[in-house]
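Asker: Sequence:
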Amino acid sequence: MLLALPFLGLSCLAEEPALAQRRPNILQQLLERAQQEARRKREAPQPIQHRTVQQNKQRQVASPPSSVALCDNQASHPDDPMKRGVGISDEDVDLINALTACTQAVSEAQTADSPRIMFQTGRVLWLAEEFDEAMPFFLDAAEANEPAAMAYLGDAYANGLGGAVEDRETALTFYTQAAQAGFTPANEMANELAEELAQSEMPKVQIAEATPQQVNDCDRLAANPSDPKKLAPGVADASLDSSMAVAACDAATVKFPGTARLDYQYGRALYLDGELNAALPLLASSAEKGYAAAKAMLGDVYLEGLADQPQDFGAAYSFYKEASTGGYVPAAAQAKELEALLAPEQSTIVKPLRLSCEVRLTHSGQMYDIIEQVNSPFSIELNFATNKVRQISETGPGFNDKTAFLAEPTNSFELASDGGSAKIQVNPFGRNAENAFMTIDFNDGKAYMHQRFEAASMLGFALSNSVFFEGYCGEQVAPAPKPVKKKK
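So the sequence shown is residues 1 to 488, counted in my numbering.
Incorrect hints may appear among the rest.
[Claimed, not checked] Quick list of in silico lysine-lysine cross-link-like pairs, DSSO-like style, CA-CA up to 27 angstroms: (1) Lys402 x Lys446; (2) Lys423 x Lys402; (3) Lys229 x Lys321; (4) Lys321 x Lys230; (5) Lys289 x Lys321; (6) Lys83 x Lys230; (7) Lys255 x Lys289; (8) Lys229 x Lys255; (9) Lys336 x Lys388; (10) Lys289 x Lys229; (11) Lys423 x Lys388; (12) Lys336 x Lys230; (13) Lys321 x Lys423; (14) Lys229 x Lys83; (15) Lys402 x Lys388; (16) Lys229 x Lys336; (17) Lys336 x Lys321; (18) Lys446 x Lys336; (19) Lys388 x Lys446; (20) Lys83 x Lys255; (21) Lys423 x Lys446; (22) Lys255 x Lys230; (23) Lys336 x Lys289; (24) Lys289 x Lys230.
In short, the hints are calculated from the structure, not lab data.
Produce the complete structure using the sequences and hints provided.
Answerer: What follows is the structure, encoded as structure tokens:
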């Protein structure tokens, strides 16, 4: 039988009104007994205990478990896939302590814990035969996709308990949903009820064996909260246990090969575990089947040039756009950001611009003689997706033992409204530096940088100094990125 209840399975009918009126209010008795027990402990004389210094320190450090933890320990169902811990059987539940812990936990539980705590509170009330009081807790938990709560609602409708009108078809719906969500005992109840309905000449409902559309450990451990096709609540990137998720999804994809959802979740787990090359084929397989979340992750791959793939904004834009159209909401912002980089009269994304520059120091200021005008060749790359600039050569312009370009991502640039020039932030060469920028004109390739800064402060006067760099930047053609291979 699914649950250890005070009635006789599916064949049991609701209590007669007269019998229900004679039944004592067990909930009230439980609460009164809990209060009496608490009062007895407070009033009982405490024996004198002699503790060592170490014991006192340990006693000070120890803290009592939270009401949520107590509710989990005393009322979780062994077969509930959302449980914390191993669970406790019906006959071992201490109704008084469990009810005290769970009723307090209801008000203290975080949003993620709330459905589980609501079910466990309802379970204790159900075992205490307080069916009417248990039903609101089951309904709230089931609305949040708590599998075990769905099974208990199936019992309520199968037997007309807790204010529910006896309705076998509704009960079968709840049992089926519970089984598909991972509450395995509901399989037997659903099959039994489906057979009973068939014998009564009602339409037979097929209860399928395990299928790819049933929630499994891969869903629980690796689903993306933003995935429109997920079957479980999902786990954020920062909270995902990659080793457990990889193992669970590996087993799931072996059992159900070629399932787009499971391939994506396996690929996501590998991706977050740092196994990018192993993740890519799974993501590609899922994306080929139209899975939006997988397309978005491929967009990330090509946006950053990961997993031995070239950085390709055009491919990234295409994947983000398709993911957004498929219902993966976060991809819309990524697509919009890349779309802003479209050239006014073109249909391709502007790729990072690599420039090979050569500038020279033409003036070193008021405090120094004109120094030898040495040319300073260097190469930089302007990334129009992030508005960041990075130096891709070992040397570059400098003064006072400082170089103009800092480590990425400190350097940034502003593109002129007409797109004809870029203003690049550079490293200040002295105190209180002004105009710490280099300007590059894309039309004629000219580069110009001037800094005025405070060189010294003597007798209350600030002595200033200036440096001038002038030169030319010509575009350095980058290797053509490999096109993204999209299967038809």
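Asker: Which constraints among the numbered hints does this structure fail? Numbers only, ascending.
Answerer: Per hint list: 13 and 18 violated.
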